[in-house]
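Chemist: Single-letter residue listing:
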Amino acid sequence: MDAMLHISTLHYLVLGAALFLLGVIGVLTRRNVVVVLMSIELILNAVNLNLVAFSRYWGELHGQVFAIFVITDAAAEAAVGLGILIAFFRNKETVNVDEVNLLKW
Amino acid sequence: MLFLDHIWLIPLLPAFGATLMFLFGRKLQKATVSAVCAGAIVVAFLFACGAVWQYTNWASTPENFHRPYQTVLYTWLGTDTGHLTYVLHDGKSTAAFQADVGFLLDPLSSIWLLFVTGVGMLIHIYSIGYMAHEGGYYRFFGYLNLFMFSMLTLILANNYVLLFVGWEGVGLCSYLLIGFYFHRKSASDAANKAFIVNRIGDAGFLLGMFFIAWYFGSLRFTDVTRLAHSGQFAIGDPIITATTLLLFVGACGKSAQLPLYIWLPDAMEGPTPVSALIHAATMVTAGIYMVARSNALFVLAPTSMKTVAIVGALTAIFAASIGLVQNDIKRVLAYSTVSQLGYMFLALGVGAFSAGVFHVFTHAFFKALLFLGAGSVIHAMSGEQDMRNMGDLHRRIPVTHWTMFIATLAIAGIPPFAGFFSKDEILWQTWTSEGGAYRLLWIVGYFTALMTAFYMFRLMYLSFHGRPRMSHEVEHHIHESPTSMTGPLVVLAVCSLFAGFLGWPHSLGGSDRFAKFLEPVFAREAQVLTEQGRAAQVAAGEKETEHTTSTEYFLMFLSVAAGVVGWGMAWKAYRHADRGYVEPIAAAPPVYNTLLNKYYVDEGYDYVFTGRRKIGDTRLGVLGLGEASAWFDSNIVDGLVNGAGWITRLTATISSWWDKWVIDGVGVNGPAILARMLSYPARLFEWGLVQWYALVMTAGLAGFVFYYVYH
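Residue numbers (the numbering used here), protein chains in the order written: chain A, 1 to 105; chain B, 1 to 711.
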């Protein structure tokens, strides 16, 4: 029972992997750019979870520090991404990623 | 030697004035224009006086005794390194072609320098008054200054090429100034005529120059003279004869000799100061200067000398006879100029170079004075030039009358005025040269002197005496000219009175300083000619004639008599001329009409050369040569030009085709097309859909992970 209740590093990793997969599937399948951005946040948080889990496992703070960096980075990325998104919406009147197909030969 | 070393400044001063006029003249005040242009000539004259004074000092030192002063600024054509060489007439020796911008001062150019700047200065001052009410004031003075620049270049040049530059420059200015009133068709026609007729002469001069370059290997006067003196060329050398004859053709054009004199009378369309400066005193003597400058060559070609003498004498009597009946005051003077130029060539032709130059010198004063006086008369008469409508002016414009009277006495050869000494010297030299073979020419010259006196006093009596024949309105306006015009008249009158004393002959107890001054230039030629004459006499079995002073006195008396008789005849015929007066020559209508129509020479030229005039239905027109050359020009020459153009266009088309299809097509676009084709399959993978890329990336990543995990 005790062993069952004990939350090991493996649990964190499994949760992280699940989150990561959800994010990847979201990025690949959803057509709404806002949802895609949110899925990217999921991926980043899965990574954060891994970093924190390994930090706890090794008893060191490096991983947690790095996780904070990633959060900062995610905030910046969300700001830039939403900015692009607004510019895009003003031009195309849509937020569908399939409409953004100019970057080709 | 401040002045001598900076002799190049003399032509540069008027060039500066002309440049200023052409660039800024339109905006300048008349007073500024006069100050700059006349000032430039005044300074040039003072500078020239200084240069000649220093030259005479320099040339009297033992080491430079009688040498010409020469200074070369830079090599203008060709190089002095000997790169530009050509083969001379003998087929063996070569010479480097070289033409300098260099200046030569010797007694001959000194004389020209002094009277050109001196008379030019007076005429510039005169023009300030004469042109005061005319439009194009700055243009006029700009042209005058440009003319002075060209003329001074011509005089001071040390080689034939630079002389030719000045020669063409004065021709250009002559053209511009004859056509100064360009809105008048007759003026622009006259300008064209002067230019075209001068071209004929210039062609001869150019060919002569080529001959000199080919035969002597140098175009410098000093080199040519030295070679001609060296004795390696025989007297009567055919090439030298041809050369000198060609040079003389050039002189005929510029100095208005038969058969190229026709432009000078028409040149009177220009403003009167121009007639005085260019078409009487200075430019038309350029031909005489050139022949005198080439005296060493002419002496080697007796045939050319004879031609010069005969052409000169014929021109003298021909033009004088036309002058007898002309009614336009300036035309009489124009024919008089042609006639006097004939005298000068007669002198050169008989070998009396210094006498010819002396006549140029004195003629410059009295003929400039006559023209300026005529200008003053025209000014007073509100533009009237026809002597039939003048008369009784001597009381209204006394200064003009008295100064012109002095000039008339001078040109008629009345002692002691300037013309007497120079003309008498020419006639005396004609009589004595080559043992009297030219005595026929003396008779021609003598009758010319008679005619000269007659037509000049006819001009004086018709204009200044007799009954007034002008309209009342014109008569009311008659006034003496302003001081800026009468001043130069007085100065020139003084010169006409005293200039002759420089050549006071030995027989009258003088020392003929003028001939002595020119001795360094002509002494050697005089000696050669004397020997030739003596040889000819011996060959003809004659005794050597003694030139006694009594003969000279007798001839002198005869020529004075000619002047007085001509004066008397004119006095008798025109003293009381009233409206409808009768010309004495009109008693013989054919003669009178022939003379009045100038022997129909212009008409003849129009018939023979230009083809503007038909006789009956036939049009001769240069024996078809004009049409033939026009046809040749428009078909052959232009055809060649067009052919060259066509070939250029063809090659351009081919090369543009090559460039467009081969260079651009195969060379540049080819690799691009290839790359495009090869890239086609790769492009299939580029959809532009970001999620597809993400999917591929994820799949790739997954692939790598599986590979490394399960490997």
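Please note that a few of the clues may not be correct.
Said to hold, decoys possible - Sample of chain B residues at the chain A side, in silico, Cβ under 10 Å:
#1 ARG683
#2 GLU686
#3 LEU689
Claimed, not checked - If you anchor each label on the Cβ, the simulated ranges turn out as follows:
#4 ARG683(B) <-> LEU82(A): 45 to 55 Å
#5 LEU701(B) <-> LEU82(A): 20 to 30 Å
#6 PHE89(A) <-> TYR708(B): 36 to 46 Å
Stated by the list, open to error - Sample of chain B residues lacking proximity to chain A, with all beta carbon distances greater than 10 Å (derived):
#7 THR61
#8 LEU84
#9 GLU473
The hints are simulated quantities; they were obtained by calculation from the structure and are not laboratory data. Just so it is clear, CB atoms sit at the ideal spot from N, CA and C, and this is done for glycine as well.
Chemist: Kindly indicate which numbered hints from before are broken by the structure, ordering the numbers from low to high.
Modeler: The structure breaks only hint 4.
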